[in-house]
Amino acid sequence: MEYRRRALLGAGAAGIAAAVGGCLGSDAEGEGSIAGEELALATTTSTEATGLLDEINVAFEERFGTRVAANAEGTGAAIRSARDGNADVILVHARSREDEFMQEGYGVNRRDLMFNDFVIVGPSDDPAGASDTEGAAAAFDAIASAHAPFVSRGDESGTHTKELVIWEHADNEPGGEWYRSLGQGMGETLTHANEAGAYTLADRGTYLSRDDIDLEILVQGPIEDGPELLANPYGIMAVNPEIHSNVNYQLAMTYIGFVTSPKGQEIIAEFTANGEQLFYPEALSAEPNFQQYVPEGWQPDSADE
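Terminal number for the sequence shown in our numbering: 398, no gaps in between.
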């Protein structure tokens, strides 16, 4: 799907201030209205496959009279689209890639949005004994040692990025006939793994939203007291209008303001599939977390002055 390209909205200081605040209190038909505009959102397949994206976007469109043109293609592809100026805002889940995007100057005003976790799933008879291991890397080692079939998304998504991180912690390396790289989304990967009786790494939300597969969770993530290595945080940020003058920065900040507001966070918290909560809101906290706005570990040059 191609994004529509627009000219940057003219906005005075009051308009920018309202955008940064999310425009949550403004009249959609009043002065500086965004009604009738279209937001280009680049995001991950998990937000779409679970149905959460539709839930959020319908509420946003009803509130502000805008349309969200969402392209769910995985974190790597979403970031490439934004880097090329073909998105106003990105919602992704690979912090290392988000940090690189910010460091290159393409992303601004990042916020923590929500989280769930990753799980290692496979056939119920668990031929590799992954469920008997301690930790995600050990489970991958058991799968590799047994040459049990493993299906990888192989698409530079947030899930694929996390998989590669786990392999870095393991003693074995992926490869050979037992390791199958699809280059497809989470839904297709789960379907393929289910049909092949294979193992795979999945985000909990997409896995729980599927009632048509027989794969079982063999290694839990931190939501169920599993290893922190399987944590899956999501972030959202606007594309820098100083890099791409065509982006609709005001509308991007309105969307960020909405999804990180009490109302947006309530939508995330209450969204379920098959009776299970899929995502956990993380934007609002009594304790400040300034690290969410900058690349992890970043400190100003004057920190010791």
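Quick caveat, the hints were computed from the structure, so don't treat them as lab data.
Check before you lean on any hint, since a few could be wrong.
[What the hints assert, rightly or not] Cβ pair distances, simulated, as ranges:
#: 1; residue 1: Glu380; residue 2: Ser224; range: 48 to 56 angstroms
#: 2; residue 1: Asp318; residue 2: Asn367; range: 15 to 23 angstroms
#: 3; residue 1: Gln370; residue 2: Arg173; range: 29 to 37 angstroms
These numbers come from a predicted model, not from an experiment.
Ideal placement from N, C-alpha and C gives every residue a C-beta, glycine not left out.
Structure-based check of each hint:
1. Glu380 - Ser224: 48 to 56 angstroms: Taking Cβ atoms as reference, glutamate 380 and serine 224 lie about 36 angstroms apart, which means the hint is violated.
2. Asp318 - Asn367: 15 to 23 angstroms: holds (21 angstroms)
3. Gln370 - Arg173: 29 to 37 angstroms: holds (31 angstroms)
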